[in-house]
Amino acid sequence: GEKVEQHESTLSVREGDSAVINCTYTDTASSYFPWYKQEAGKSLHFVIDIRSNVDRKQSQRLIVLLDKKAKRFSLHITATQPEDSAIYFCAANEMDSNYQLIWGSGTKLIIKP
Amino acid sequence: EAAVTQSPRSKVAVTGGKVTLSCHQTNNHDYMYWYRQDTGHGLRLIHYSYVADSTEKGDIPDGYKASRPSQENFSLILELASLSQTAVYFCASSDADSTEVFFGKGTRLTVV
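The listed protein sequences correspond, in order, to chains A and B.
Residue 716 in our numbering sits at position 71 of the first sequence, and the numbers go up by one each step.
Residue 76 in our numbering sits at position 75 of the second sequence, and the numbers go up by one each step.
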């Protein structure tokens, strides 16, 4: 079945710099790739997604890139702010299990002043 | 706004005891999910359901049962709680696969 690997377990960047979180997946049939954010002590909430018919999507300071050949997608956060500090989870849908989401292990993003 | 409510928010259970975690959604969503979160493992799917009175096994169903008596309610049952089931459990809902998933606030379960 699908496996989603999130490569950075922790990422520390200076406020104002950009942060990049990378994920890879194994199922070539995956077509949907969302990102979720979990702030300290809170639940997860959706931040941005991308579907396989495009290779780039932007929402304000968030950019998602999808490289289907490499089976890799990434979340870019530009001009980082303290409130960006959180754990970010990537996910991909899996055709074999009725397109359920398979989740990465999470990246803890720390924004340093 | 979409709402998924879990109860209890935290629980301490004894080994071998029965634990029931409840979830209620007001989103009118067809899909509901139970996930487990352990440090370093992200989210792992335990059970899910896409219609009332039916449940499906996720990736780690062993030791867990689920019940979906109505579209709004989805329970996770640990018949014989074990130490290894200490974790944070999240319930979630979505209106179809591959769309935004709405999460509850989580239940911190400690088995002693």
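Treat each hint with caution, since some may be false.
Here are the computed lysine-lysine pairs in the PhoX-like style, where the Cα-Cα straight-line distance is at most 20 Å [as the list claims (entries may be wrong)]:
1. B/Lys66 with A/Lys687
2. B/Lys66 with B/Lys19
3. A/Lys687 with B/Lys58
4. B/Lys58 with B/Lys12
5. A/Lys753 with A/Lys687
6. B/Lys66 with A/Lys753
7. B/Lys12 with B/Lys106
8. A/Lys648 with B/Lys19
9. A/Lys702 with A/Lys687
Note that these hints are calculated values from the structure, not bench results.
Predicted, not measured: the structure shown is a model, and the values here were computed from it.
Checked hints:
1. Using a Cα cut-off of 20 Å, the hinted pair B/Lys66 and A/Lys687 is violated, with the two alpha carbons roughly 25 Å apart.
2. The suggested pairing of B/Lys66 with B/Lys19 holds, with an alpha-carbon distance near 11 Å, which does not exceed 20 Å.
3. As the CA atoms of A/Lys687 and B/Lys58 are separated by approximately 26 Å, the hinted pair breaks the 20 Å bound.
4. This hinted pair does not check out: B/Lys58 and B/Lys12 have alpha carbons roughly 24 Å apart, beyond 20 Å.
5. Between A/Lys753 and A/Lys687 the CA atoms are separated by roughly 14 Å; this keeps the pair inside 20 Å, and the hint holds.
6. Taken as a hint, the B/Lys66 and A/Lys753 pair is broken in the structure, with Cα atoms around 31 Å apart against an allowance of 20 Å.
7. For the proposed pair B/Lys12 and B/Lys106, the alpha carbon gap of about 14 Å is at most 20 Å, so the pair holds.
8. As the CA atoms of A/Lys648 and B/Lys19 are separated by approximately 32 Å, the hinted pair breaks the 20 Å bound.
9. This hinted pair does not check out: A/Lys702 and A/Lys687 have alpha carbons roughly 26 Å apart, beyond 20 Å.
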